[in-house]
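Given chain L, put chain Z in place with the hints provided.
Protein sequence lines correspond, in order, to chains L and Z.
Be aware that the first sequence starts at 1, since it is given in my numbering, and climbs by one per residue.
Be aware that the second sequence starts at 125, since it is given in my numbering, and climbs by one per residue.
It should be emphasised that the hints constitute simulated quantities derived from the structure, not laboratory data.
The beta-carbon is built from N, C-alpha and C at its ideal position, and this holds for glycine as well.
Hints are supplied without guarantee of correctness; some may be wrong.
[Claimed, not checked] To spell it out: a stretch of chain L is covered by chain Z in this simulated footprint if at least three of its residues, at any positions, have a beta carbon under 8 Å from a beta carbon of chain Z; those stretches are:
no.	stretch
1	35-42
2	54-62
[Claimed, not checked] To list a few chain Z residues with every Cβ distance to chain L over 10 Å, as calculated:
no.	residue
3	Arg134
4	Gly154
5	Ser166
6	Thr173
7	Gly263
8	Ser272
9	Glu308
10	Gly358
11	Asp361
12	Arg414
13	Ala455
14	Arg477
The residues making up each chain are set out below.
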Amino acid sequence: MAYPNDRKYTKDHEWIRLSGDTAEIGITDFAQEQLGDVVFMELPEVGSQLIAGDAFGSIESVKAVSELFAPVAGEVVEVNDALKNHPETVNADPHASWMVKVRVSDAGAVAALLDNAQYQSLLG
Amino acid sequence: MTDAADTEIRKTALNARHRALQARMVPFAGWEMPLEYAGITSEHLAVRTRAGLFDVSHMGEIEIAGKDALLAVQRIACSDPALLQVGQAQYSGLLTPEGTFIDDLIIYRMAPSHFLLVVNAGNAAKDFEWISEQVKAVGNAAAIDSSSRYALIAIQGPASLDVLQPLTGADLAEIQPFWFSYGEVANARATIARTGYTGEDGYEIFVPPNMADKVWQAILDSGESAGVVPAGLGARDTLRLEAGMRLHGSDIDETTTPLEAGLGWIIGWTNETFIGRERLLEQKAQGLARNLVGFEMIDRGIARHGHRVMQDGEPVGVVTSGTQTPHLGKAVGMAYVPTAQSSLGSTIEIDIRGRAANARVVKMPFYKKGSQA
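With the rest of the complex left out, here is chain L (with noise of 0.2 Å):
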């Protein structure tokens, strides 16, 4: 699967898609296929501040669990309830699934994570 341009990527295989001052959440393609078929997800309340670093949620497979963190600082403006009845549409469409849209603090902190061609070499 290919990986988009249009957005950034962090070493915990999460992406990050800013438009504006918002920005959407997801995990990328290695993420979802390292897991397994997504069977549960747990996703923070509009309004909570996420901490640069720190765990947000969690996602679950069959046989895992792998904590969702916050690759950069802001406040969860939106939440895809959608994936809470359909988690196994991060399987089908990791890219487009959007988990959380957050407004950042600090567009420079977005900037500062890897691009498509840094991550891609992470991966090997």
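Quick look at chain Z alone, frame taken from chain L:
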């Protein structure tokens, strides 16, 4: 576990097949095994609705033979092997003198004085050492580790009989559940048992390792039109959990007895010589402090192995297995809870990574063959 670094990982005779099928291979109990091929969910559903093919060659085989073989097996197994006819199999436990599980196993009576024990891969070396020691005390019987003589292939699911029958002269319908027969499968000499670990009808086929590849491929080819798929350890675990089957190392171990684990039915009280019997009799007389129960989540969340069962802020029990089951589509699990909380319908509180979530005690198995999801 500690010796993992200096022990080479073992491979079954089907390793190349798994790789060719692009399975995700993982280390398991010292073996490199397929965790999943197309995905745990689809493999699980295939077994419930059609059939799945499993390589379980990592399982250990121990044979006990000799004039006093029955006495030897009666000493080490908590069921009563004397009740077995030749050609019949029995689920049983290998217990410590304290009545706790060294392992669980299936005993096959091959001949009046010849038994085959199939044990868990991770326990096979420990089991063999223990069994050899105990058998010595009995008299004219010997234990042999024959794991390397067998590859074990399981076909599980409602289509199993129809898929396997064209490959063998044995009349598969004649083999009743927990019985076995001999025959050829795809021209390989085989022991064919109607046993399994999925809660579904099916067969476990013991073949010489050098024939495993041929048998595996013949079954996949025969099952292609019926939608038979290879299935990995991941699906094996979710299937057995849905079927309420205990996993040694998770639900039962050297700290738990068959009575506590809700496996009182496997105890052969007519067997008066098995190790651990006195302790089980005592426990039965005294009553149980805790019980293994099945639960399904009321609140959102999946309780997993190791999560605590809480009461008034104190841990009172522990989850031993838990997952979101693919076929039933709900989060279920097993947990040890105080006897007072173990009756059907009780609400228990589980600490899921710091969040309190309620679950309801329900009857196991969660899934019964032939029932609808």
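Numbers of the earlier hints that this structure fails to satisfy, in rising order
5, 10, 11, 13, 14
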